[in-house]
Every structure is written in C-alpha cells, then in structure tokens.
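Protein chains: 2
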Amino acid sequence: MGLSRRDLMKKAGMAAMGTGFAGLTLSMANSAIGAGEQTKIPDLPWPYKKLDPAAVAEAAYAGFYKGACSYGVFESIVAPLRKEIGFPYTMMPSTLLVVGQGGVADVASLCGSLNGAASAIFLVTGGMDKKPREAAYAIIQDVFLWYEQTALPDYRPKNPKYEIIKSVSGSNLCHVSVSKWCKASKFKSFSKERSERCGWLTASVAKHTAEALNKYADGAFKMAYPLSAAAQACRSCHDKGSTLENTRGMSDCGGCHFTPSMKQVHPKM
Amino acid sequence: MGLSRRDLMKKAGMAAMGTGFAGLTLSMANSAIGAGEQTKIPDLPWPYKKLDPAAVAEAAYAGFYKGACSYGVFESIVAPLRKEIGFPYTMMPSTLLVVGQGGVADVASLCGSLNGAASAIFLVTGGMDKKPREAAYAIIQDVFLWYEQTALPDYRPKNPKYEIIKSVSGSNLCHVSVSKWCKASKFKSFSKERSERCGWLTASVAKHTAEALNKYADGAFKMAYPLSAAAQACRSCHDKGSTLENTRGMSDCGGCHFTPSMKQVHPKM
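So the protein sequences, as listed, match chains A and B. Quick note: the first sequence uses the numbering used here, first residue 10, plus one each step. Quick note: the second sequence uses the numbering used here, first residue 10, plus one each step.
Do not take every clue at face value.
[Said to hold, decoys possible] PhoX-like mimics (lysine-lysine), calculated; alpha carbons at most 25 Å apart, straight line:
| no. | chain 1 | residue 1 | chain 2 | residue 2 |
| --- | --- | --- | --- | --- |
| 1 | A | LYS277 | B | LYS197 |
| 2 | B | LYS277 | A | LYS195 |
| 3 | B | LYS140 | A | LYS201 |
| 4 | A | LYS192 | B | LYS249 |
| 5 | B | LYS75 | A | LYS139 |
| 6 | B | LYS49 | B | LYS195 |
| 7 | B | LYS195 | B | LYS170 |
| 8 | B | LYS58 | A | LYS249 |
| 9 | B | LYS249 | B | LYS140 |
| 10 | A | LYS58 | B | LYS49 |
| 11 | B | LYS197 | A | LYS49 |
| 12 | B | LYS197 | A | LYS249 |
| 13 | A | LYS140 | A | LYS224 |
| 14 | B | LYS170 | B | LYS140 |
| 15 | A | LYS249 | B | LYS49 |
| 16 | B | LYS201 | A | LYS139 |
| 17 | B | LYS75 | A | LYS140 |
| 18 | A | LYS58 | A | LYS195 |
| 19 | A | LYS49 | A | LYS139 |
| 20 | A | LYS92 | B | LYS49 |
These are calculated hints, taken from the structure and not from any lab test.
Pulled out of the complex, with its shape left as it was, chain A reads as follows:
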C-alpha cells in the first residue's frame, strides 16, 4: 500500500502548514512522531491553575476511600490540573502516592495526608535548583505547622458517614495524630470512626493545601504558622548554630517530648 505525503500528514493530524514538524499543532506537540523533546517529561515545577478548595476537599474525601490519605490529597489537586492542563499531568502515575497510606505503608510515620500534600506542592512549585526547592519547602513547612497546631479535621464532607470531633496533634506523625484523636474521641485506632476521621482530615489538608497554592499563584503566600515559642526555646540550645546543635527539623518538640502523661524530665542544664 502506498501513502502519499498528503495522506501521511492527514493521518498525523497535521494541518498542511508546509513546515514539517515545526508546524505541529499544540496538542500534537506532546505525542508527535519525531517530537522527542516534547514527549520528554518537563522539569518541575509543572504549570498550575488556581483550584476551587471546596471541590478539592470533596475530591480528597472520595479519594481517601479509594487510595487512602496520601493519594487522596495528591490526586485531589492533580486530577483537576490533568483535566485543565493535560500533559504532563496525563503522565503522572498518581497511584504511586497510595504508598503514603497510614504514615507510609501503614507504618504510622509521617501522616499520609501531609506526605501527599508535600508532593503536590513540590510538583507545582519545586524543582532541583535551590530557589524553587526553598520556595516549595516554605509552603510545605507552613502546611505541616498548621497541621500540628490546628484543631482538625476542620472540613466536614457534604455526605459524611459519621460526625467527627476535632483534636490537636502537636505532631506531623500519623501515630501521634491518630492516638491523640483516639484519646479525645474515645474511639479505637482501627475503628470505622477513626477511618472516617482520617477521611475528613484528608479533605481538610487538601483544602488547606489548595488555598496555600492559590495564594502562592497570586504572589500572596506568606508563612502564617511559625514554630511555637516553646519549640523555639528548645531550638535555642539544639538547632543550627546553637551550643549543642544536635538536632534538626521544623516541628513542635512537645508532640513527643515532655508530654504530661509521660512525666518526662529534661536532663539537667
């Protein structure tokens, strides 16, 4: 069978612009024959369009019951961008974010909703270079500190399975966040109510993350949740440039150290 030049171009979806591959349409550029550069996954940050935080929250709640907390937050932000922008979001394997479930693979380390939020924030603001890396980290740290200091969940889904009370975690860890809520609510850590609470929490974190990203897109993002005065006092002896300089991080110390129930005593200074 023979194909004329015209047939080939037609088959390729090309308008006959007579300039070869320089004349590809925009939609073609991402998947065209010979368009190696265009099919290459672009560097971070990927383009962002402002999102509707309430819609993001509802999507995150639904996403939680599909792929858990981390996937719930990440995909609630990536899905509308995939719909609005298309490539490269069409190439993002969001299922990878399922792994953040229950503090990564049910280990109960870093809260999955925060791990998912961090990835979503980095995807649209971060990069390998110092400048975007630090810009993304500032947003992420602010979301993490908001999470530690705020009575959550603060978003009630439109059609919840149960009503859920709030608690303050004082920590970014799944284990601490869950146990503090169990203590406040009297529900067990493997109860359906605790699971629902994590659904609401996923929605709350997704909404707050979308709001932070919208502010960043407007050039109006400012860190709003500084470390507590107590944690800053700890850091004066333990953080960078201090006498001891034996720790690092950006988190409330009181979530683990010197909690009242543990009768913990600080070593003599």
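The hints should help you fit chain B onto chain A, whose structure is shown.
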C-alpha cells in the same frame, strides 16, 4: 519547503515498511501520533529488572549530593530501569522525590532515604488493588524495620569525603536518626560530616532496597526484621484488637518512648 513522503517517514524515524502506522517500531509505539493508548501511563506495578546493588549504592551516594536523600535512593533504582526498559520510566518525574529531603522539606520527619525507598518499592511492586498494595507494604515495612534495628550506614562509598561511624536509630525518623548519630559521633547536626553520613546512609538504604527487590523478583522475599520483643509487648495493650487499641503502626516504640536519658515512666497499668 517541501517534504517528500520518504523525508517525512525518515524524520519520523520509521523504517519504510509500507504499512503506515501499523508498521511503527516498538520504540515508536510509545510516542507515536495516534497511539493514544500507548502514550497513556500504565498502571502500577511497572516492570522490574534485577539491579546490581553495588552500582545502585554508588549512584545513590552521587544522587544524594545532587537531590538529597529521598531522590538519591529513588533515582538510583529508577535510572537503571529507565535505561534498561525505557517507557514508562522515561515519563517518571524523579525530581518530585527531592521533596523527601531531610525528613520532607527539611522538617526532619520520616527519613528521606526511607521515603524514597518506599516510593521506589511501590512503583515496581505496588498498585491500587489490595494484593499488590499489601505485597509492597510488606517489603517496605521490612526495609523500615531493618533501618531501625541495624547499625548504619553499612555501605562505604568508593570515594568518600570523610570516614563515618555507625549508629542504630531505633526509629524511622530523620530527627531521631540524625540526633542518635550526632551523639555517637560527636559531630553537629549541620556539619559536613553529618551530611556525608546521610550520603552513606542513602547509599546503604538504596543497596538494601535493591537487594530486597531482587529477592522479590526471584519470588524469594521474606520479611526478615520483625518488630522487637519490647515493641510487641507494647502492642499487646495498644495495637489492633487489644484492650486499649489506641495506636497503630509498625515501628520500635523505644525510639521515642522511655528512652533512658528522659527518665520517662510508663503510666500505672
């Protein structure tokens, strides 16, 4: 400018097979015009080929100094798969994993090398469905527990900047892992030696992860690092199905609770 049919096909990298787009070569199939199905990102797990753990370790050490701990581990595993297998690894935006740096965005929560390892493991063994999800989680939990219980770093790069001593973290957290090493080594938490230690650690975690994935590929993976007897004793009152059932997770409790220096006392039972 005019392009002949031959020129067009040549430009498209096509062998002149005379069957139009049905005659695309395999490498073309992933980026070809009209090949919508092939350009869709495939479901997890992605295909895996057994890796050379020593080569992975060296790549991870180099990757640490480019994109930090999480990126170092993840890309040391993904890069050889991208080279060997091509698509879909060519579409994976590995820079996203930079965000795991220093326990996510320098927050010092979950150790970035473990966060990167978890993502790499899930990418090649996990998925949305229960079966691959649980298979991946078993490997991830075993890597996390190995990390907690083992004197690390246990891989010495070929051309290190400094010599590095080992320590046992008893925890999967960046903050705890770093502070325990600082105590053991007498180096400060923002020193160049501590940074080098995290480079060695990145290499160690990457090597161990590649070894676990190679075993899994051979159908020979078995969990080898159970929770400590002490942690299992804690869980008999606090975990799923217990009297209190007020926690969840898969981690040594003693990394944070009842550490000797804190003179912590368990509440009366």
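Given hint LYS195 (chain B) paired with LYS49 (chain B) - CA-CA distance at most 25 Å: Roughly 51 Å separates the two Cα atoms, so the pair is violated.
Restraint check for LYS58 (chain A) with LYS195 (chain A), where alpha carbons must lie at most 25 Å apart: violated (41 Å)
Agreement of LYS140 (chain A) and LYS224 (chain A) with the hint, judged by alpha carbon distance not exceeding 25 Å: Distance of about 18 Å is within 25 Å: holds.
Straight-line alpha-carbon gap LYS170 (chain B) to LYS140 (chain B), limit 25 Å: violated (43 Å)
Given pair status - LYS249 (chain A), LYS58 (chain B), alpha carbons within 25 Å: Violated: LYS58 (chain B) and LYS249 (chain A) sit about 42 Å apart, past 25 Å.
Proposed proximity, LYS249 (chain A) with LYS197 (chain B) (alpha carbon, max 25 Å): With Cα atoms ~8 Å apart, LYS197 (chain B) and LYS249 (chain A) stay inside 25 Å; holds.
Given pair status - LYS201 (chain A), LYS140 (chain B), alpha carbons within 25 Å: Holds. LYS140 (chain B) to LYS201 (chain A) sits at ~21 Å (cutoff 25 Å).
Proposed proximity, LYS139 (chain A) with LYS201 (chain B) (alpha carbon, max 25 Å): holds (18 Å)
Pair hint LYS249 (chain B) and LYS140 (chain B), alpha-carbon separation not exceeding 25 Å: holds (21 Å)
Hint consistency between LYS92 (chain A) and LYS49 (chain B) [alpha-carbon to alpha-carbon, up to 25 Å]: holds (14 Å)
Given pair status - LYS49 (chain B), LYS249 (chain A), alpha carbons within 25 Å: violated (46 Å)
Pairwise hint evaluation, LYS197 (chain B) against LYS277 (chain A), where the allowed Cα distance is 25 Å at most: Answer holds: LYS277 (chain A) to LYS197 (chain B) is near 20 Å, not above 25 Å.
Consistency with the previously given hints fails for numbers 6, 8, 11, 14, 15 and 18, ordered from lowest to highest.
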